[in-house]
Amino acid sequence: MKRLLKIVVGVFVAGWAMAVCFSCKDAREAAGKTAVVSEGPMEVWSYFDGKIESRTVRTIMSKMGGAAALVELVSEGTRVKEGDVLAKFDSSRTERDLVKLEADFTLAKSEFESLNNAQLPLQLRDLEIQISEAQANYETERQYLEDSRKLVDEDLVSEQELKQQDAKVAQFKGKLEHLETQIGLMKKYLHPMAVEGAQAKLASAEQALALARQEIQDCTIRAPTSGLAAYTMVHVGGEYRTARVGDSIYRNQPFMAIPDMGNLVAHCNVPESEMSRVAPGFPAVITPLAYPDLQVEGSVESVGTMAQTMLEKPSWQKFFHVKVGLNRVDERLRSGMSVTVAILSFHKEKAVQAPRQAVRWEGGVSRCRVLKGSAQEDRVVHVGMGNDLHYEVLDGLKPGDRVVVE
Numbered sequence: 001m002k003r004l005l006k007i008v009v010g011v012f013v014a015g016w017a018m019a020v021c022f023s024c025k026d027a028r029e030a031a032g033k034t035a036v037v038s039e040g041p042m043e044v045w046s047y048f049d050g051k052i053e054s055r056t057v058r059t060i061m062s063k064m065g066g067a068a069a070l071v072e073l074v075s076e077g078t079r080v081k082e083g084d085v086l087a088k089f090d091s092s093r094t095e096r097d098l099v100k101l102e103a104d105f106t107l108a109k110s111e112f113e114s115l116n117n118a119q120l121p122l123q124l125r126d127l128e129i130q131i132s133e134a135q136a137n138y139e140t141e142r143q144y145l146e147d148s149r150k151l152v153d154e155d156l157v158s159e160q161e162l163k164q165q166d167a168k169v170a171q172f173k174g175k176l177e178h179l180e181t182q183i184g185l186m187k188k189y190l191h192p193m194a195v196e197g198a199q200a201k202l203a204s205a206e207q208a209l210a211l212a213r214q215e216i217q218d219c220t221i222r223a224p225t226s227g228l229a230a231y232t233m234v235h236v237g238g239e240y241r242t243a244r245v246g247d248s249i250y251r252n253q254p255f256m257a258i259p260d261m262g263n264l265v266a267h268c269n270v271p272e273s274e275m276s277r278v279a280p281g282f283p284a285v286i287t288p289l290a291y292p293d294l295q296v297e298g299s300v301e302s303v304g305t306m307a308q309t310m311l312e313k314p315s316w317q318k319f320f321h322v323k324v325g326l327n328r329v330d331e332r333l334r335s336g337m338s339v340t341v342a343i344l345s346f347h348k349e350k351a352v353q354a355p356r357q358a359v360r361w362e363g364g365v366s367r368c369r370v371l372k373g374s375a376q377e378d379r380v381v382h383v384g385m386g387n388d389l390h391y392e393v394l395d396g397l398k399p400g401d402r403v404v405v406e
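In our numbering, the protein residues as written are 1 to 406.
None of these hints come from the bench; they were simulated from the model. A few of these clues could be false.
[What the hints assert, rightly or not] Only pairs whose alpha carbons sit at most 27 Å apart, straight line, appear in this in silico DSS-like list of lysine-lysine:
#: 1; residue 1: 33; residue 2: 398
#: 2; residue 1: 372; residue 2: 350
#: 3; residue 1: 51; residue 2: 323
The task is simple: from the sequences and hints, build the whole structure.
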């Protein structure tokens with residue numbers, strides 16, 4: 001009986017020892033899958049795809065009248081300064097026209113000066129001389145008529161001769177009045193009309209010459225500002241492509257652009273579900289896909305006020321346009337480059353943080369298993385913003401708590 005009791009006691013002790021051993025092993029395993037809730041700086045970055053564009057883009061277009069053939073074109077991507085030659089058009093036709101127009105202008109100017117300084121004054125002078133002569137003849141004949149009337153009484157002059165003299169005086173008077181009317185009309189109407197006609201002809205020739213000279217200047221297109229020369233797509237000969245030497249470009253047809261590379265901005269579209277992560281003034285970091293090692297700091301300038309859809313996205317998804325200004329410019333940046341825009345959505349110097357793997361969601365409620373000695377307590381916690389590694393804990397945990405990592 002005593003022997004049986006010893007066996008039972010031995011088995012019990014051995015079982016207890018094994019239980020303690022397994023319990024310690026479970027505790028060790030649990031301890032190996034836990035993490036400590038900490039307090040310290042926390043940042044949450046939100047990442048969006050975007051592109052870089054210049055704030056100001058100067059469009060280059062032809063100012064020629066009608067179609068003009070390109071004979072010179074700066075290479076795309078060339079860094080130009082204000083005043084540098086961008087393109088040249090064929091000016092041979094305009095140069096030929098310019099020779100004729102210069103001759104027409106010289107002739108019109110000569111005709112105007114001749115009319116105004118010689119022809120019209122000579123006409124007036126000729127009429128004035130004729131009037132003077134007519135006046136003298138009229139006065140002479142009129143005086144002779146008066147003298148003849150005195151001689152009629154003495155029978156020295158016949159009545160027939162007196163009538164003839166009277167008719168002669170009337171004739172000279174009519175000629176004088178005609179000349180005086182002619183010079184009056186010439187001064188009031190004919191000469192001003194002739195001068196205006198000559199002036200209009202001269203002005204027309206001068207304007208045509210100025211337009212031709214301007215067109216000669218327009219054959220050479222210079223950079224209106226400093227930047228990088230960029231080709232734009234144009235419709236040429238049934239194709240839609242960039243312009244080449246030999247292509248005919250029409251008036252006001254854009255074929256090139258110069259973005260101001262000293263003033264860049266990043267554009268991105270933020271899903272409406274992430275609108276709370278973006279606001280004007282939030283810091284940002286822009287990283288071009290072409291240069292992953294290049295990071296340019298900036299800040300959010302504006303957030304769109306109207307939701308919009310995107311062609312490559314389902315119609316039910318809405319996005320808001322966000323503009324991010326760059327604090328500096330790197331010479332490697334180009335307008336139109338694809339970039340990743342990282343926006344600092346949350347920053348707190350003293351934030352209680354728990355690992356994301358320690359937080360689980362059940363029915364929309366966040367929970368954590370908190371280690372209490374060798375036991376675990378299932379606890380509801382209230383979390384806030386989260387990054388790739390941690391959640392900010394608003395309630396339910398305190399720094400130093402050890403939580404089980406799933």
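Note to self: Checking one constraint from the list: CA of residue 33 to CA of residue 398, max 27 Å. Satisfied?
What the structure shows: Holds - the C-alpha atoms of residue 398 and residue 33 are around 19 Å apart, at most 27 Å.
Next item on the list: Starting from residue 51, check that the Cα of residue 323 is at most 27 Å away, please.
Entry: Holds, at about 10 Å.
Notebook entry, point to check: Does residue 372 pair with residue 350 here, judged by a C-alpha cut-off of 27 Å?
Noted result: 25 Å, holds
The earlier numbered hints are all upheld by this structure, with none contradicted.
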